[in-house]
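Please work from the sequences and hints to get the whole structure.
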Amino acid sequence: MAAIEKALLLSKQFGALISDPVEFRGETTLRVLEAERISEVCAYAKETLGFNMLLDMCSLDHLGEDPRWTVVYELYHMAERTHLRLKTDVTSEKGELPTVSSVWRTADWLEREVFDMMGIRFRGHPDLRRILMWDGYPYHPLRKDFPLAGKPTELPEVAFTKPAPLEGGPFVTVAGGKDTLAREPRVRVPES
Amino acid sequence: MATTHEFEAKDTVARAAVVSRAAAQDQDQLQGETMVLNMGPSHPSTHGVLRILLELDGEIITKAVPDLGYLHRGDEKIAENMTYTQFIPYTDRLDYLAPLANNVAYSLAVEKLMGIDGALPPRCQYIRVICCELARISAHLLGLGAFAMDVGALTVFLHTFTEREKVYNLAESLTGARFTTSYTRIGGLSRDLPSGWVAACRRFCDEVVVNFDESEKLLTRNKIFLDRTRDVGVISAAMAIDYGLTGPNLRGSGVDYDVRRARPYLVYPELEFDVAVGSVGDSHDRYLVRMEEMRQSVRIIRQCLDRLPGGADNATREPINIPDGKTVLPSKDKVLTSMEELIHQFILVTQGVNAPPGEVYFGAENPKGELGFYIHSKGGGTPNRLKIRGPSFVNLSILPALLPGHMMSDVVAILGSIDFVMGEADR
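These protein sequence lines are chains C and P, in that order.
Under this note's numbering, the first residue of the first sequence is numbered 13, with each subsequent residue one higher.
Under this note's numbering, the first residue of the second sequence is numbered -19, with each subsequent residue one higher.
It should be emphasised that the hints constitute simulated quantities derived from the structure, not laboratory data.
Treat each hint with caution, since some may be false.
Claimed, not checked - Result set (EDC-like, lysine to aspartate or glutamate): computed pairs, CA atoms no more than 16 Å apart in a straight line: (1) K57/P with D157/C; (2) K43/P with D139/C; (3) K358/P with E77/C; (4) K314/P with D304/P; (5) K156/C with E56/P; (6) K156/C with D55/P; (7) K146/P with D186/P; (8) K156/C with E60/P; (9) K99/C with D32/C; (10) K99/C with D139/C; (11) K106/C with E77/C; (12) K99/C with D157/C; (13) K58/C with D186/P.
Here the structure is a predicted model, which is why all the values come from computation and not from measurement.
And the structure:
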């Protein structure tokens, strides 16, 4: 069964909660309009529709927009070889959504990574700790307002308390027109 | 604790059930005080910088907490700040044992976003497949050698490293670099095959199969190796899928999932190869799967060399890049003589390729599993967000569930059989 048919089944079950499917480059994307019900939708997708594998989870930061964050789930149906993407928006005031680690256990570490890098919390997660950065690190590095060069931290005697010497270096290139430049300037001086 | 492989169960599935029951029983019977042992981040069998906190009762592990991030470099943040082409060298450093395969996977992801992955010239596709399979052989040879060394068979390590040297020589003559290859470009390759390379690659294929036979003679029926790996680290098929395992670790558990078959890319549908699957899902099965995969890789490489459009020296001048001046850098002589090509060169170098807004996920079958790239684009030459699904990261997430109940000495066998690389786990 094609991904689009699965998507329609999901829409049929949840009605207005699911947006119309978007197709791009042969992939089907569905938006779940209430982040609070994502675990319910995922559980249905796994148990009834057979999406038995969670390939990946990702978070997007739309700084300056509301809602600020999007969490992306890549679902995979192993027997029928179907891929489906679910997306749901999270506002910066709430910054929280239910965990799907009880649906697929691989979501345990993937959610920890999203929490570590973007600062979105997952309610009901069994062990929501940082995974790549160290415990006690104060920032979430993949947020768009975190500078590429790093930030000085308040913690004494911790490595990387000074920004990395990337300023103006050949490692940072900004492509495109003015919009891109505004989005991620070549060098952003912390706290300016 | 019962010796786990001397059960009466004859068939493999029954054996797996008995083993897991025995492990659960052992855990229930634990009574003594536990102690916490730190393993890593610099430990010979953690293959890089993985740290595991092990809680032990005597010699039995009761709890395992992996600690990652010692090799975190912020690749995803870096990707948001440069053009798609500039990120190619960073992909070398993901799974640094198979840089060629990472280059190909990343380029294909960007090409999928741009909608040009179907337009790649056949010669380019064949060369990319050869690169992927050479990388697979190289990575598996290291994984195998290190695995065998960890469980006490040093000879195999020396054998496999001799062969890996030849892969590096091939990579050097192909790309100019042994490790950091950066071979692909968006829409093609950085250069065509050098003269004499095809013959050298054929020679390598003939030599490496001899090495496979030798390594297999040393290991497959070796009593010590069997004792260390059989029924150790059994992962059931359901558990493997639940934890998102991919690659040889998933197939070792008997799940027939290979991205080259499930969602074919490049010219894989035209090539004949078998997907090796295990039955019990123990460390020995994962070893056998890798062994067979290397043989299949040689088979794929031979087919590609035979069918390579244009032949060894590209006598018919087959293109290796897509014919689009706005995606692939024009040749230098044209840049110096023609206005249009000069403009294209300038735009491509300063602003990058013009990708459309949208989002794609592309997964490729890499030596360690499915290397996935999720690209979210707002248009233009840089990604808005690039998420890397490192297969090692996901494969390692099974450790807290897999290690408890095993002996301390089994940890090295299990880690060796899972065959991870921290470059792509920590990114």
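Consistency of the hints with the structure:
1. Annotation: proposed proximity of K57/P to D157/C holds, straight-line Cα distance about 11 Å (limit 16 Å).
2. Among the hinted pairs, K43/P with D139/C is consistent with the structure: their alpha-carbon atoms are about 14 Å apart, no more than 16 Å.
3. A hinted pair counts as satisfied when its Cα atoms are at most 16 Å apart, and K358/P with E77/C qualifies at roughly 14 Å.
4. About 14 Å separates the Cα atoms of K314/P and D304/P, which keeps this hinted pair within 16 Å; it holds.
5. Note on K156/C and E56/P: the hinted pairing holds, with a Cα-Cα distance of about 12 Å set against a maximum of 16 Å.
6. The hinted pair formed by K156/C and D55/P meets the criterion: a straight-line CA distance of about 14 Å does not exceed 16 Å.
7. Taking the CA atoms of K146/P and D186/P, the gap is about 12 Å. The hint holds against a cut of 16 Å.
8. A threshold of 16 Å between alpha carbons decides the hint, and for K156/C with E60/P the separation of about 10 Å falls inside it, so the pair holds.
9. Our distance criterion of 16 Å between C-alpha atoms is met by K99/C and D32/C, whose separation comes to about 12 Å.
10. For the suggested pair K99/C and D139/C, the alpha carbons sit about 23 Å apart, so the restraint of at most 16 Å is broken.
11. Taking the CA atoms of K106/C and E77/C, the gap is about 14 Å. The hint holds against a cut of 16 Å.
12. Between K99/C and D157/C the alpha-carbon distance is near 22 Å, which puts this suggested pair outside the 16 Å criterion.
13. Between K58/C and D186/P, the direct Cα distance comes to roughly 46 Å. Violation of the 16 Å bound is thereby established for this hinted pair.
Against the hints set out earlier in the document, violations occur for numbers 10, 12, 13.
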